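Listed below, chain by chain, are the residues.
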Amino acid sequence: IAGITQAPTSQILAAGRRMTLRCTQDMRHNAMYWYRQDLGLGLRLIHYSNTAGTTGKGEVPDGYSVSRANTDDFPLTLASAVPSQTSVYFCASSDWASGNYNEQFFGPGTRLTVL
Amino acid sequence: GESVGLHLPTLSVQEGDNSIINCAYSNSASDYFIWYKQESGKGPQFIIDIRSNMDKRQGQRVTVLLNKTVKHLSLQIAATQPGDSAVYFCAEDLRGGGADGLTFGKGTHLIIQP
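Protein sequences appear in the order of chains A and B.
All residue numbers for the first sequence refer to this note's numbering, where the first residue is 1 and numbers rise by one.
All residue numbers for the second sequence refer to this note's numbering, where the first residue is 116 and numbers rise by one.
These are computed hints drawn from the structure, not numbers from a lab.
Since we're looking at a predicted model, the values are computed, not measured.
Here are the computed lysine-lysine pairs in the DSBU-like style, where the Cα-Cα straight-line distance is at most 30 angstroms:
#1 B:Lys221 / B:Lys186
#2 A:Lys57 / B:Lys183
#3 B:Lys171 / B:Lys157
#4 B:Lys221 / B:Lys171
#5 B:Lys221 / B:Lys157
#6 B:Lys183 / B:Lys171
#7 B:Lys221 / B:Lys183
#8 B:Lys171 / B:Lys186
#9 A:Lys57 / B:Lys157
#10 A:Lys57 / B:Lys221
#11 A:Lys57 / B:Lys186
Pairwise CB distance ranges (calculated):
#12 A:Asp62 / B:Ala139: 23 to 31 angstroms
#13 A:Ala15 / B:Gln173: 45 to 53 angstroms
#14 B:Val185 / A:Ser67: 36 to 44 angstroms
#15 A:Ala79 / B:Ser127: 41 to 49 angstroms
#16 B:Glu130 / A:Gly63: 38 to 46 angstroms
#17 A:Lys57 / B:Gly198: 35 to 43 angstroms
#18 B:Pro229 / A:Ser67: 42 to 50 angstroms
#19 A:Ala79 / B:Arg166: 34 to 42 angstroms
#20 A:Ala2 / B:Ser143: 32 to 40 angstroms
#21 A:Ala14 / B:Gln191: 44 to 52 angstroms
#22 B:Asn168 / A:Asp62: 32 to 40 angstroms
#23 B:Gln160 / A:Ser10: 14 to 22 angstroms
#24 A:Pro83 / B:Thr125: 22 to 30 angstroms
Reference excerpt, derived from the structure (chain B facing chain A, CB under 7 angstroms, subset only):
#25 Ile149
#26 Pro159
#27 Asp164
#28 Gly216
#29 Gly222
A virtual CB, placed ideally from N, CA and C, is assigned to each residue, including glycine.
Based on the provided sequences and hints, a complete structural model is requested.
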């Protein structure tokens, strides 16, 4: 593993189903983030975590939950998917401890379609 | 609404020319302003940032200018190359605290013509 990996690459999901998007980083960064990217709206922050054991709400947190049990993993869960959650989801991390929090490293994204 | 916005959705330039991508922001309290590049099918990639107490910062072939009077940010790319074709996003540290995530603008698609 090098950098940030996300899984799955893409997924088609029926509305009402539960889904967890996985994110793992091997850079030992303490801060991690989830963004969604929709055409014409740029990237919007869903949830973030400054360090293992803590999480916070971003701009669009409704319908999503996260956990940060350890430094490397930051899964995003959709408890009951709705079509408006169709989007491309990006996980990112930054080395907040060194002060380089503006340089976020992004994963390749997960394309999610909710029908 | 979005605090960070862009003047033009698409910018087309000739290979070898300089490119200027503009961005307007509304929150004077942001401590940092950042530029990201996103190539097709990939996640965004950090280019350069500038602190709010600076007017100009230079990197490799890129320069970021910050005009706090008119709340304007620009990214200048010198001698554009085909590899510069991408969507460019400006972002700001709107939430404060640094590690609490960034607020992104909607993006400008830079097209390099041969």
